[in-house]
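Which chain is which? The protein sequence lines are X and V, in order. Sequence positions in the first sequence follow the numbering used here and run 251 to 361. Sequence positions in the second sequence follow the numbering used here and run 3 to 115.
Derived by calculation from the structure, the hints in this document are not laboratory data. As the structure is a prediction and not an experimental result, all values here were calculated from the model. Every residue, glycine too, gets a C-beta built ideally from N, C-alpha and C. Do not rely on the hints blindly, as some may be mistaken.
[What the hints assert, rightly or not] In silico lysine-lysine, DSS-like type, Cα no more than 30 Å apart, as pairs:
1) V/Lys13 x X/Lys259
2) V/Lys59 x V/Lys73
3) X/Lys315 x V/Lys59
4) V/Lys13 x V/Lys59
5) X/Lys259 x X/Lys272
6) V/Lys59 x V/Lys16
7) X/Lys315 x X/Lys259
8) V/Lys59 x X/Lys259
9) X/Lys323 x X/Lys265
[To be verified] Covered stretches of chain V, as calculated for chain X (at least 3 residues, CB under 8 Å):
10) 28 to 42
11) 62 to 68
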Amino acid sequence: AQRVTQPEKLLSVFKGAPVELKCNYSYSGSPELFWYVQYSRQRLQLLLRHISRESIKGFTADLNKGETSFHLKKPFAQEEDSAMYYCALSGRETSGSRLTFGEGTQLTVNP
Amino acid sequence: DTGVSQDPRHKITKRGQNVTFRCDPISEHNRLYWYRQTLGQGPEFLTYFQNEAQLEKSRLLSDRFSAERPKGSFSTLEIQRTEQGDSAMYLCASSFIRNTEAFFGQGTRLTVV
């Protein structure tokens, strides 16, 4: 079974502060991990995926298979980062590459 | 807008009525997914199509739910005899077969009263 856990429903930081959104997963095979973001009144969109190993909008995430984690980090948060963030998993052994999402973390960056 | 589009954006219906939603994926995408999202939760997988074939259905998809993708292009999701528990945001997404990046529509918000 696939499971994604985001322990924090709400996270509030000040502009310029570091931010870390936690994500833990459970999957017995080879996972592919993603972070999706939903800004206010916009559709869900891909922020980054672990296989790309990119930094998008200053965010990075490293897959730690030992700790089964994929935490999202940004060293200096900006007000425009305020959004709902979802961690998601796709199992390579799962047909169709469907996504299993966590419950989401609402990030608020205060001025 | 060349993204995934869903229609209608909002639907209010009385309990017991049937409703149908439409999703138009990105035209080159072979795979089409339906997800359901309730308040405070992440999206939950319902079903997916590869071209016109429906290849997987979640146990969340009761027999009151049916989805089609008749020509491998747009898809419809029908809910028969709606219940209040069906109230949710219904999301459609599409992707290429060999690319796991899914592109989402803006969703259809269903309210059953």
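Violated hints, by number in ascending order, as checked against the structure: Violated hint: only 11; rest satisfied.
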